[in-house]
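**Q** From first to last, the protein sequence lines stand for chains H, Y and P.
FYI, in the working numbering the residues of the first sequence are 7 to 364.
FYI, in the working numbering the residues of the second sequence are 19 to 398.
FYI, in the working numbering the residues of the third sequence are 64 to 221.
For the record, the hints were derived by calculation from the structure and aren't laboratory data.
Where a beta carbon is used, it is the ideal one built from N, C-alpha and C, also for glycine.
Be aware that one or more of the hints could be misleading.
Stated by the list, open to error - The calculated DSS-like cross-link candidates involving lysine-lysine, where the alpha carbons are at most 30 Å apart (straight line), are: (1) P/Lys95 - H/Lys212; (2) Y/Lys212 - P/Lys95; (3) P/Lys147 - P/Lys161; (4) H/Lys91 - H/Lys212.
What the hints assert, rightly or not - Just some of the chain Y residues that point at chain H, by a computed CB distance under 10 Å: (5) Arg209; (6) Ile308; (7) Gly380.
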Amino acid sequence: MWSLSHIANEIHTWLSNTFNPTWTQIIEMVLAGVAVIGLFAALGLVLVLMERRVAAWIQIRLGPNRVGPFGLLQSMADTLKLIVKEGLTPDGADKVMFNVAPFIAMIVAMLLMAPIAFAKDFQLWDLNIGVLFVTAISSIMVISILMAGWSSNNKYSLMGAMRSGAQIVSYELSAGLSIMTIVVLTGSLQVSDIIHSQANGWWIFKGHVPVWIAFITFIIAVTAETNRAPFDLAEAESELTAGFHTEYSGMKFALFFLAEYINVFIVCAIGATLFLGGWMPLHFGSGNAFNHAMDYIPSSIWFFGKTFLLIFLIMWFRWTFPRLRIDQLLNLEWKYLLPISMVNLLVTTAMAILGWHF
Amino acid sequence: MYRQTEIIKEAVPGSNGETGEFTINVGPQHPATHGVLHLVITLSGETIKKVEPHLGYIHRSIEKMCESLTYRQFIYVTSRMDYLSSHINNHACALCVEKGMQIEVPPRARVIRVLMDELTRIASHELWWGAMAMDLGAFTPFFHAFRERESINDIMEETCGARLTMNYMVPGGVMQDIHPNFQKRVKEFIRLYKRKIDEYDELVTGNIIFQNRMKGVGVLTPEDAVSYGCSGPVTRGSGVSSDIRKLYPYEIYDKLEFDEVLETGGDSFARYLVRIREMQQSIRIIEQLIDQIPEGDFQAKTKAVLKLPKGEFYTRVETARGELGVYIVSEGGTTPYRIKFRSPGFSNLSVLDHIARGSKIGDLVAMMGTLDLVIPDIDR
Amino acid sequence: MFIVKYIKDVWGAIASLATGMKRTLYYFTHHKEIITQEYPDNRDSLVMAERFKGEVVMPHDEKNEHRCTGCTACELACPNGTIKVITKFDISPEGKKKKAIDKLVYHLELCTMCNLCVEACPSDAIKMAQTFEHSVYDRKQLTKILNHPGSKIMEGVE
C-alpha cells in the first residue's frame, strides 16, 4: 500500500533504526516543516489557478491558457514576476511592523496546518483540543491585517484594517458556535475522534436539520473570516482600492495573497473534517458491498476531494455575489447568524442528549 | 505607536481629534470613478460628511475646437464627449445644423437614425449595468453584459465602420446606407437579448444583497432633481417626467409607441430599474421599426459647403444619460461662432454631494454607479 | 408574527442567492457559451467588416495607376490636417501642362477614421482599408505616402 501513513511509518522506522530517538525527533520535525512549506507552495499555485479558471468559466471566458499546457504554469509565472518585483516600503510607514505583518499572516496559516488530518493516520499533531486550537489560532490572523493597515500610513489601508477587525471578531462567534454543534454531537475536541465518530455516516447526513443549518452558518462565517467576497470589505477594490494591502508590493504582497488562499484551504479542510467526515469514505449503515467499494478509494483522495469541493463552493460565492456594506455585514452576523446558531446549538444539544441522531 | 498617531494627524489636513473627521481622495486614479474624476470626501469613520468633485482632468476644450471646424467636420469631435452614446451626440449636432439650414431629412435616414440611437442606448445601458455590478463587487455581470454589447458593436461595425466612435451622422442624413445584413443582425440581437434578459434579474436585480445595497440609499426627491437640473434616468427615477423623446419629440419619435419609464422611489434602486426597463422600451422601438425602414435616399442633397444663417440655434436630444443640448451661435460663416453643449453628466454629478451625505462609502460607489457618470462628458 | 417574518426573510434571502448561484453554475458547466476570441491565434480566420475604417489607402490598378486628380478636396474635408496633397505639373505629350499629385501624404497618427475624406473625394481615389494593426516602433513610420512611386493618374479621370 502506498498510502501516506504507510510512507510516514516507513520513514519513521528507518530513522529510528538509524539515529537515536532525539535525532529522530528533530529530523522528523524538520521534515514536517519542509513538507508544510512545500504544501503551501503547491496549494498556492493550484488554488490561484483554480480560482482563475472558475472565474473564467463562470464569466464565459477561457481563463489562463498560454503559459504551459492548458495554462498550468500560469501561477508559476506570476510568482516569478512577484519575486523579482521590488518590495517597496512607504516613506512614512512604520518599517518594522510593515515588514513583519505578512510573515505573521503566514505563521498563522502554518500553525493551523498542525491538527489537520490529511489522510488516515496521517496528521502532524493530534492534540486533544484540536478544534479549539484552530479557532484560537485563526483569530491571530486579524492582528497581521491590523498591523498591515496601521503601519502602511495610508487612509485606505487603515479603513480596510478596521473593517477587517470588526468583521473577523464578529464572525469568529458564529463560526465557533457552528463548530460547537459537532463537538456537542461527538463529545470530543480531538480531530481524530471527530473523524472516527463519522465512520458509519458523515455528520451532514446523520445530524438532520440542525447540522445542515450549522454547516450553512459555518460556510458563511468562514467566508467572512477569510475576507473573501461577498465579505471582502477589507480589500473592497472599488471602494478602498486594495484595502489593507494597498501599499504592499512584490513578495510581501504575495505572502498576503498566499495566506488568503492557505486560509481558505484550512477552513475548508476543517469544514470537511467536521461535517463531511474528513478522510472517512462515504459509508451508509455498516458492512455492505457499497462501503467496501468506497474503502478502496485512498483516504487522502477523500480528504482533498471534499476540501476542494468546499473551496469551489467559496469561489462560486465570490464570482456570483455583490459585496455587502459594512453595516449590513455586521447586521447579518449579529441579527441573523448569531441568534440562529445559538438556537441551533441548543437544539443540537437536546438532540445529542436524547440521542435523536443516527 | 506615538509616532504613527502623529503621522496620521499630519497627513489629514483639517482633521481634528474631537469630531474624528478626515478627508480621503477618491480619484483621479481610483477603481470606482471609471475615469479621471476626483472626489474629495470628508469622512467621519465610514460615514460621508461631504463630497467635493474636482473636475478638469480630461478637459479637451471640445467646444473651442468645434469653433474652428466646419459644420460637417465638428460632428466627429462630439463622439468623444459621451463616448458611450456617441451616435446620439452626433445626432444632436446634425439636428442643430439641419435646423439652421432647414434641410429636410429623407424618411429612410430618419428611421435609420432612430434605430441606431436606440441600439446605442441599449449598448450604453448594458455597459452601465455591468460596470455598476462591478462597483458593488460582483464581477461576473460585467462579462455577461459585454456579450450583448459586443453583438451591438458588431452591428455598428458592419454598418458604420467603427465600434465606438462611429461618426455615421452627416447633416442631412447618414453617411452610408445600412448594410444588407443589418436587419438580420438586429433581429438576431433582439432574440439573443430576450433570451438573456432573465439572467439580469437572476444575477443582480433579484439578489438580496444587491437590493439591500440599493434600496433606500441616495434618495433624490423630485424637487431636488428639478432644482439641480438633473435629466434622464436620474430624474425619472424620482418620478419626474423628463424624456425629451416624449416631451419635445424629434425625428419620428412622436409616431412611435413606447412608454416613458418612471419610478417614484428616487433611491438608487429606482434609478437602476429605470435603466433596466428603458432597455426593454428601446427593444420595443427597434422591433417597431426594423421591418418598416422606408425606401429612398439615405442622405438629403446638401451643398458642398454648409453655411448656417446668422442667428442662434438650439436642439436637444435624449442620450443614454439624459438631456444633451447643442447651442450654436452662427455669424453666417462656415464655422460656428460659438458652440455650447449642455451635457447631462455635469448636472447629474452636481447632485452627488446632496444625496451622498450621511451614507457609507460603499453607498457612494453605488450612487455613482446609478448616476451613470461618463467623465469625458462632464469635462468635455 | 415576528418569528414568521424573520424566517420568511431568511428563506427569501437564501432563495434569491440560490437563483444567482444556479445561473453561474450553468455557465461554469456549459463551456459552449464561452465567447472569447483568441485574437492573435485567429488572425488567419479573422474577417473584418467590409466597411471597417482602419486606415486611408489609395487603390492602384495593375498598371500602377490611381484615380487621384490632386483636387485637395480630402485635405479640405479633413478635420485634423491628416492629409497633405503635394501637387506638381505634368507635361502631357501635346505639350499642355496638367495638374497632378506628386505626393499624397497621410499622417496615420493624426487620423480619427471619420471617413470624411472618402466622402469628399469626387473621383473615388481613396478608400478605407480594413487593417487595424498599426503599432510601429517609430512614429515616422506612421507618416505614409499613399501614391506608389512612379504611379500615374488613370486615363479618363478628371
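**Q** Compare the distance between the alpha carbons of Y/Lys212 and P/Lys95 with 30 Å, and conclude whether the hinted pair is satisfied.
**A** holds, 19 Å
**Q** With a cut-off of 30 Å on the C-alpha distance, tell me whether H/Lys91 and H/Lys212 pass.
**A** Not satisfied, since the Cα-Cα distance of roughly 51 Å exceeds 30 Å.
**Q** Hint check: is the beta carbon of Y/Ile308 less than 10 Å from a beta carbon of chain H?
**A** violated, 27 Å
**Q** Per the CB criterion, is Y/Gly380 less than 10 Å away from chain H?
**A** holds, 4 Å
**Q** Minimum Cβ distance from Y/Arg209 to chain H below 10 Å?
**A** violated, 18 Å
**Q** Verify the proposed pairing of P/Lys147 with P/Lys161, using a straight-line Cα cut of 30 Å.
**A** Since the Cα atoms of P/Lys147 and P/Lys161 sit roughly 19 Å apart, the hinted pair holds (cutoff 30 Å).
**Q** Tell me if the straight-line CA distance from P/Lys95 to H/Lys212 falls inside 30 Å.
**A** With a Cα-Cα distance of about 39 Å, the restraint between P/Lys95 and H/Lys212 is violated, given a limit of 30 Å.
Of the numbered hints stated above, those contradicted by the structure are hints 1, 4, 5 and 6, listed in ascending order.
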